[in-house]
Each structure stands twice: as structure tokens, then as C-alpha cells.
Amino acid sequence: MNAPRTVLATAFLIPGLALAAPAIAPVEPPARGSFDAQVIARGAELSAIGNCKGCHTAADGKPFAGGRPLKTPFGTIHGTNITPDPETGIGRWSEAAFRRAMHEGLDRQGRNLYPAFPYDHFTKLTDADVGALYAFMMTRDPVSAETPPNQLPFPYNIRGFISVWKNLYFEPGRFQANPARNAEWNRGAYLVEGVGHCGACHTPRNTLGAERRDRHLAGGEVDSWHAPALNTESPSPMPWTAAQLDTYLRTGIEDVHAIAAGPMASVTRTLANVTPEDTRAIAVYVASLMDRQTTEAKQRADEALAQARSAAFAPANQLRDRTVAASDDRPQSSGATIYADTCASCHDPGRSLSSGGALHLSLAIAPALPTPSNLIHLTLEGIAPPDGAQGRSMPGFAGALTNDQVTALVQYLRVEFGRKTAWRNVDEEVASAVNDINAR
Amino acid sequence: MVTLEVNGQTRQIDADPGTPLLYVLRDHLQLNGAKFGCGLGQCGACTVMVEGQAVLSCVTPISVLQGRRITTVEGLGTPQNPGPMQRAFIEEQAAQCGYCIPGMMMRAQALLERSRSPTKAEIRAHMGANLCRCGTHMRILRAIDRAARLMQAEDSTSAAKGRG
Chain A
0 MNAPRTVLAT AFLIPGLALA APAIAPVEPP ARGSFDAQVI ARGAELSAIG
50 NCKGCHTAAD GKPFAGGRPL KTPFGTIHGT NITPDPETGI GRWSEAAFRR
100 AMHEGLDRQG RNLYPAFPYD HFTKLTDADV GALYAFMMTR DPVSAETPPN
150 QLPFPYNIRG FISVWKNLYF EPGRFQANPA RNAEWNRGAY LVEGVGHCGA
200 CHTPRNTLGA ERRDRHLAGG EVDSWHAPAL NTESPSPMPW TAAQLDTYLR
250 TGIEDVHAIA AGPMASVTRT LANVTPEDTR AIAVYVASLM DRQTTEAKQR
300 ADEALAQARS AAFAPANQLR DRTVAASDDR PQSSGATIYA DTCASCHDPG
350 RSLSSGGALH LSLAIAPALP TPSNLIHLTL EGIAPPDGAQ GRSMPGFAGA
400 LTNDQVTALV QYLRVEFGRK TAWRNVDEEV ASAVNDINAR
Chain B
374 MVTLEVNGQT RQIDADPGTP LLYVLRDHLQ LNGAKFGCGL GQCGACTVMV
424 EGQAVLSCVT PISVLQGRRI TTVEGLGTPQ NPGPMQRAFI EEQAAQCGYC
474 IPGMMMRAQA LLERSRSPTK AEIRAHMGAN LCRCGTHMRI LRAIDRAARL
524 MQAEDSTSAA KGRG
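These protein sequences, in sequence, are chains A and B.
For the first sequence, the numbering used here begins at 0 and goes up steadily by one.
For the second sequence, the numbering used here begins at 374 and goes up steadily by one.
In short, the hints are calculated from the structure, not lab data.
Heads up, some of the hints might be wrong.
Unchecked claim - Below, simulated DSSO-like cross-link-like pairs (lysine-lysine); rule was C-alpha separation at most 27 Å, straight line:
#1 A:Lys419 <-> A:Lys297
#2 B:Lys493 <-> A:Lys61
#3 A:Lys70 <-> A:Lys52
#4 A:Lys52 <-> B:Lys493
What the hints assert, rightly or not - Computed footprint of chain B on chain A; a stretch qualifies when at least three of its residues, placed anywhere within it, have a C-beta under 8 Å from a C-beta of chain B:
#5 92–106
#6 337–346
Claimed, not checked - Here are a few chain A residues that sit away from chain B, every Cβ distance over 10 Å (derived from the structure):
#7 Glu44
#8 Ile157
#9 Arg249
#10 Gly381
#11 Val414
#12 Asn437
Beta carbons: idealized from backbone N, C-alpha and C, even for Gly.
The following block holds chain B by itself, in its conformation from the complex:
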């Protein structure tokens, strides 16, 4: 048994400790946001966050994740109440086929949690590990830019509430 903390919930996983996190998310926990793309850590479709850092779940065994905080795209919001990253991707219509998008959102989320106002060059460099075969990169870059602004706005709103 391996204990994982996924989207704020503690989960007991009955699987071989060598199982890649991606399979556990999809087959054991029915969290199907993260996608199987290449299975070799080369395309980024499986990206999730571990302790705030973008991690390739298809090449990361659960045995090294015992007790660590994992966030998947399901942890960023719900269809009824999408988080700022998800809202930005919807507003920019960044998805074409959509297969790469959860991974894109999770890698971008890791960047924006570290820095709320990255430059365009920083966004590009950071996102280099994730591929989109449809070619919607320009819209994805715009969506990340928009997500940064949405998060900045939320920050200042909550700061104002805190003062009020």
C-alpha cells in the first residue's frame, strides 16, 4: 500500500509501488485529466504537479511520492466552477483536440504559482517540455498570459478583502 495525497485527499493505493503515477490516477482514482501521450516523459501530456512543481506522471513511480502533495487538473477547479487557469484556457479557446491541454495547464500552473508575472520569454522557455500536435501553441501562450492576469486580479481582490 502506498499513501498518496491527491488534490487534498489522502488516498491508499493498492498497486505495485513501481506503477507510474499516471496509471494510478487514471485506473485507480478515475482522475482522467492527465493523459497518456508517449509514455516516455517526452511530450508532457501526463504533466501533474507534485509539491507545486511540474512532474511527468508517466515516468514517476508512486513509490517515490509517498505522502507528497499531488495536484491534477481536476484539482484546479470544476466544470461548474473552473479555476483561473481553466477559465483562461476556455476564454482563449486554447484547445483544439484538447489532448495536451491538461498537461499544459498543470505546467503553466507550476510556473504561475512561483511567479505571477512571467515574461513571454519565460513562459515559452518553461513550456518547452510540453508538445501540442494540433499547433495551438499561440493560443496556449495567450491563455497562460491571461491566467497570470486573472490570478493577479484575484490576488489583489483577496488582499483588498483582507484589508477591509
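Same shape as in the complex, but just chain A:
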């Protein structure tokens, strides 16, 4: 793996590393009245689909005022202040400067932007849509807030490094519609690949943090969560239809698949407010990418449904006996007991104490993922909607279960419901997740 070193050597050979392009002259912050209300509204829609707020707002911070730390494998980068504050935000950016940032990854002064700002996606946006986003951002409340400095180790702290990265991986250019597909599909593709930048989380990245084109939307990692594959490798036991995906995107929950958690929770909360036509288009496009009509996939779905139905309305003792008995010859036997005693009361319908609405885990995606991280997060932290928001909740079991118990439970869920071979190094991942929680 000599790639990083080669790139590093190249970085030193390029002169004039600080500025990659000429500055664009500062402007007086444009007046609110200079923007058309309909254009602002379209910008609001695009901003919601792109969840700009997600990275550009700190916890408890003012919207778009930046300061949220984004942990990457290369160090910590902070979302910047993109309110129209002239000193600390983008108030002095002309539309041309804003467009250059979106399309080419350069700031107003001409410095390269870190690709944590996903201009590899935003370059696909039409000029009109970039203009709408500009109108939306420039009509937000200006907030004076300095963005904290990035914490990037050498060599990633050298902006010249980004020039090299861009030469290797960045392909500027607008979205090209596929004439073989209809308008709705193309609208979905434009939103997913462009402003929605779904691939930023759902596509695996190479050693230098670029999305792997050969593994487009094949599942990635973000904030210690796994973002599941959205292509034919989708791990979902039940195939997704476009209608189900649409429901999930708009509500954060879909009866036979999943509840949005981790970084996806803020995405679905934002998508709840966009026009139905746009979430529908996104759903149509993504469902078409996941589509695989193999007999194997169909058989897997039938099995999952049968398992979910067989568990329904089993009396408590019977279920516990059955779960424990079935596990006698397995190393995860204590995991089966923990499941029967702790989880089944909600996750197997018909049990006492049941809320009646928890997903049966044979339908769930988390046990079928390539990594245990999401299942560990959910087991320890549960699911809690943010203050004032509607949503399902699940209690977390950090503190109630020991690390060994969580490990046994997670491996049991993997084999029993994910129907795959046990994960490796679950105990280490559990210990690390527990340490993270205790350090909060």
C-alpha cells in the first residue's frame, strides 16, 4: 500500500499549494428582498434533501452556523458556518463563488475544500439548483460563529494534499440523465447522486477516503455505524419496494424492514418535510438499484416472513423454552436466554408487556449487516427520538447487560435472525462501544 506515500511525495512537488485557484471578489451580503420567494423555497427543499443542517449545525447550535465535529479516519473536520454572516459565514460570497464551491470544491478565497464537503456529489447539480440553494442560504439568519479549527494530522492538514486527491478522484461535471429511464427515475437519480449525496455514507471508501466507483452504494461506514448497501448487495431480508422505501424515508419507520437510527435518523426527520414527489423519486431510483429477482433472495424473504409469523402469539414460557432448547447445541446458548428474557417481550408479538409494535428481528436488517456495529449501538443505546419529536423508542441496555452478555446476545441474533455466520471480534467492538458511552 504505497499509495498514500506516493501521493504525499507528489504533494511536495506542486508549487503554490496554499491557493489552488484565484479568489473571487467579496461582495456586500445580498439583501433578502433580492431573492425570489419561489427560488428560496426550492432551495429549502434541496437543502432538506441534502440535510445541509446535519453537518453544518453543532449540537445545541444555531442552524447552519457550523461547528459540528465530523470524525473521519483522517482526523476531525468541523462543519463550517454557512449562514450569511459576513465575517464568520459566507455573507461575502457571490453566487459565482458559491457555485464554484459546490461544483469545484474551492472556497471564495480559492483554497481547496476538504472532500468531507461532498462536492464530488454537488458537482452534479444544475446551475439553477445551486442558485436556489444560494438564495436559501443567503436568506437564513446570519450567525456570528467562528468554526473551530480542524484537527487533522500531517499530511492531511496540508491543503495541497487535496489538489492531489482531486486529481486522482474528483470528476467535475453535471448530472447526465439516462434516456432509457423515465422522468421520475431520473429525478431520483439526480437527487440521490447529487444533492442527497447518499453515497457519502452508503458507498465504501478507499484508503484515501474517496468513494470506490467499483462499489457504488455497496455499503459504507459513518460515525461508527454501518450504512447498508443500497445496491443489489442490500442485506435486507425482505426486498424493498419503492413504496416501502418511500414510507421509510418520510417517516423513519417501515413495518417489515427497519427503523431509522444513528446518522440516518436525522436524514429521515429532514425528509419528512420535502415534497412527496421528491421522496417518491428517490425511492423509485434506490429500489431499482436494489432490485434482484433471484430465487435465493425470494427464498430468504419467505424464510424471514415464516420465522416472524411462527413467533407470533407464542405464550411466554413456550417461547422461552423453545428459544433456549433450540440453542442447546450452540455456543451462543446464553445469548438465546438473554433474548428470550430481555428482548422477546417486545420483539415477539403477543408476549406480555408487549408494545405490539416492535420489529420481529427475522425481518430486521441490523443482524444481517457485514458488521455488528449497528446491532451493538441499538442494544446498548436503544432508540430515542429527539426532544419534542415523534417516534418509536426502545430502551438501551447499557449497564443492564455485561459486555459478555451483549456479545453473546449479538452473536445469537446474528445467527438466529440474520441467518449468517457469527461476526468476528464482537467482544472488542462491544467493549469499545461501552467505553464510548461511559466517556460521554
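Mind docking chain B on chain A? Use the hints.
The following block gives chain B in isolation, referenced to the frame of chain A:
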């Protein structure tokens, strides 16, 4: 039989191992401090401590607690000799109907055992899992703040005694 260690005492429990801890505390051990609120781990009225961590006893079966150290609100002090957390709640008159208060005290106790001087924001974030339908949250927050100061004072007194 499941063996539990509750408030420093070893107890043998003759119950289905799948029984939630809350029922065992209330029905078998007559420790009625922890309350049944929602039964789904969503309100916090049943909160106790396991090995120093706040745990929802209504969704935690005793089978996973074998041999682990459990503390209920009865373990923090007695009516005659309340502990610092309980004194602080009395002094701030934090209870209205009082149903949520044992759970509040146990979650707060878990925080203060880990950190004696949490910020107000840390207290709020930590207590987010416990609900009070009367709306005495402001008094509860003040009581936790006061408990932190009482515990700090006790720490320095015992440290001084240790030196003396």
C-alpha cells in the same frame, strides 16, 4: 433460584428467571421505592442502579443480574437518616406527586458517583431518560445540583478526617 445482591444483602429469589427485576424488588423483596410507570423502559420511574449504572428495572430480567450489585432508593438512606441525594430532594421540595422521584434519584446518583461536579447541561442530558408528569423538572434539576454540593462537602469532610 437466582441470587441477587440488593443494597448490600445477598438474596435468593424463587421466581422465573425471566421476571423483570422491578417485580422481584416490589413483590418478593418488599422494596417498593422503584415504581411501575410504563413497563416499557420509556419513563424511568423504575430506575435502579446496577454496578453504579442507571438501569431500567422493568425491562431487565433477573436472569442477567446474577451476582451483580443492585442499589435501589432504599439503599441510599433511611427516613431517619437520609443520604445526600435524598436530603437534597427534601430540601428542594423536588417532589409533587412523587411517583417519578425514586427513579430520578437513582439516575442522578449514577451520574454523581461518576462525576461529582457535572455541568447543568450534563445533568440535563443525563436525566433525559426520566419523565415527570407533574412538571417539577426545574426543582429536580436544582435538587441534583444541591446533591452534588452535599456530596462534595461530605467528600472533603471525610478527606479531612482521613488526614486528621
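Tested hints:
Distance hint between Lys419 of chain A and Lys297 of chain A is fulfilled; the C-alpha atoms sit about 16 Å from each other, no more than 27 Å. Distance check on the hinted pair: Lys493 of chain B and Lys61 of chain A sit about 20 Å apart at the alpha-carbon level, within 27 Å; holds. A threshold of 27 Å between alpha carbons decides the hint, and for Lys70 of chain A with Lys52 of chain A the separation of about 16 Å falls inside it, so the pair holds. The suggested pairing of Lys52 of chain A with Lys493 of chain B holds, with an alpha-carbon distance near 26 Å, which does not exceed 27 Å.
Proximity of the region 92–106 of chain A to chain B, defined as three or more residues with a beta carbon under 8 Å from a beta carbon of that chain, is not established by the 0 residues found. Taking a C-beta to C-beta cut-off of 8 Å, the region 337–346 of chain A contributes 6 residues in contact with chain B, enough for the three needed, and the coverage statement holds. For Glu44 of chain A, the condition that its CB be more than 10 Å from all CB atoms of chain B holds, with the nearest at approximately 32 Å. Distance check for Ile157 of chain A against chain B: the nearest CB is about 36 Å away, which clears 10 Å, and the non-interface claim stands.
Every beta carbon of chain B lies more than 10 Å from that of Arg249 of chain A, the smallest distance being close to 24 Å; the non-interface claim holds. Not every Cβ of chain B is farther than 10 Å from the Cβ of Gly381 of chain A; the closest lies at roughly 8 Å, contradicting the non-interface assignment. Under the 10 Å C-beta cut-off, the non-interface status given to Val414 of chain A relative to chain B holds; the minimum distance is some 19 Å. With a least beta-carbon separation of about 8 Å from chain B, Asn437 of chain A fails to lie farther than 10 Å from that chain, contradicting its non-interface assignment.
In summary, the numbered hints that this structure violates are 5, 10, 12.
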